[in-house]
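Letter by letter, the chains look like this.
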Amino acid sequence: MTLKSRHLLGIADLDPEEIGLILETADAMTEIAARPIKKVPALRGRTVVNLFFEPSTRTRTSFEVAEKRLSADTLSIAVAQSSVTKGETLLDTVRNLEAMAPDMIVMRHGSSGAPHLLARLCRSAIINAGDGMHEHPTQALLDAFTIREHKKRLDGLKVAIVGDLLHSRVLRSNVHLLNKMGANVWACGPTTLMPSDLARFGVRPTASIDEAIDEADVIMMLRIQHERMHGHFIPSTREYFTLFGLTPARVARAKPDVIIMHPGPMNRGVEIDSDVADGPYSVILEQVANGVAVRMAVLYLLAGQEAQAD
Amino acid sequence: MSQVMDADRMGRALTRISHEILERNRGTSELALVGIRTRGVPLARRIARSLHEINHEHVPTGALDITLYRDDLMRQPLGPQPVVHRTEIPFSIDDRRILLVDDVLYTGRTIRAALDALIDFGRPRAIQLIVLIDRGHRELPIKADYVGKNLPTSLKESVQVRLQETDGEDEVLLTEPAGAEES
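Chains A and B, in that order, give the protein sequences.
Those letters in the first sequence? Residues 1 to 310, by this note's numbering.
Those letters in the second sequence? Residues 311 to 493, by this note's numbering.
Since the hints were made in silico from the structure, they are not lab data.
It is possible that part of the hints are untrue.
What the hints assert, rightly or not - Restricting the straight-line Cα-Cα distance to at most 30 Å, the calculated cross-link-like pairs of lysine-lysine (DSBU-like) are:
hint, chain 1, residue 1, chain 2, residue 2
1, A, Lys68, A, Lys39
2, A, Lys158, A, Lys255
3, A, Lys39, B, Lys466
4, A, Lys68, A, Lys158
5, A, Lys38, B, Lys453
6, B, Lys466, B, Lys453
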């Protein structure tokens, strides 16, 4: 059992067996974090470039830790320090990096489809660490891993995704993944932040958070992405919190064993109440820990692909 | 295909190995068993049971997956990429005598990987190697301390250990791949 592609560009390209393989491999990887020496030699001699055109702390450090635990040589490039600010195009930046013969490039970019362009034109394997408003596959995989750890399954679960649906690549990747694995996905947000035709993707859209959360097994809160909002989508953050914020009273409508997730960074008091974020149902910090194991699994499985393609 | 060991002889070999372990280590107080996945794990559990029957002491038992330590992972692999399984060593290996268990000893590369993996978990006082079958053809300077059966083989032949826990039956088969006979 192997992955079919040598790149990870999005969840849309994966089939349920491949998702299962990644999650199983991630499960084996979690044990490494508990060892006295948290390192295995699997990717020794491999070079991985982390190329981040958008600010990121969680995803970038998570990839870096995953790469180091697999003994890869890593190189992280943040856009502010690079030649991009001097006017170089994306392709020229990457071609110059490729001259140093990296095996894999982990890329985050503000434009949807940027990693797909590189995958067509570069020799390296490309891992999408978030492209514009399109996909963020490793986030959806770590979310699925976290849900499975708690619920032992994905099929048949009611998952409510609440927040800024329009700008969210986390939503898109999660919808693909949860649908493929048989979960029932509800999406809730203000109509100004709801993409048209959401139902076409197998999602139940609603503007009522109470309806979305009712009897939910999983609640996923999305961040209000001020940096992507060029216009007036919500009247005020206070009104948003009143209508869509996750409060302890609202959590009570969900199943008694509900888990609450957030891809981070959180805006406390905007989309989520502090008492909920730090409360007993929150698995937000587990998501971060699981992110390392899931990214180790993806790196390992894609590196094996490379060896077969040689 | 020929059967070179049946269930009875396998049972006796494991019991004999258990007695040898006790003789060599003077008791079980510092011992721990670590089986190499897949078939080293049930073999390690059986040896633990056998040691318990002989001197009524429990020897902690773990499972080691060596996939991430293989030296052929990033070279052109012959088959599909191996699936990574969990390593479970629920005890400290520091200052213990570790009995590493595998089904077949062949090139020695699996054991090399297992030694690297084990040492990442701590500093054992000693590591001893137990194998059910030693089929020869070593490519590394590695030798077993306890052997169920020495089985001289040719490079063309393959040795298949089948266990109740994983295959529904206890036996060891020696097979020559089809077509190899003519060449």
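Comparing the hints with the structure gives:
no., hint, verdict
1, A/Lys68 to A/Lys39, "holds (7 Å)"
2, A/Lys158 to A/Lys255, "holds (10 Å)"
3, A/Lys39 to B/Lys466, "violated (36 Å)"
4, A/Lys68 to A/Lys158, "violated (36 Å)"
5, A/Lys38 to B/Lys453, "holds (29 Å)"
6, B/Lys466 to B/Lys453, "holds (22 Å)"
The structure is inconsistent with the numbered hints 3 and 4, although it conforms to all the rest.
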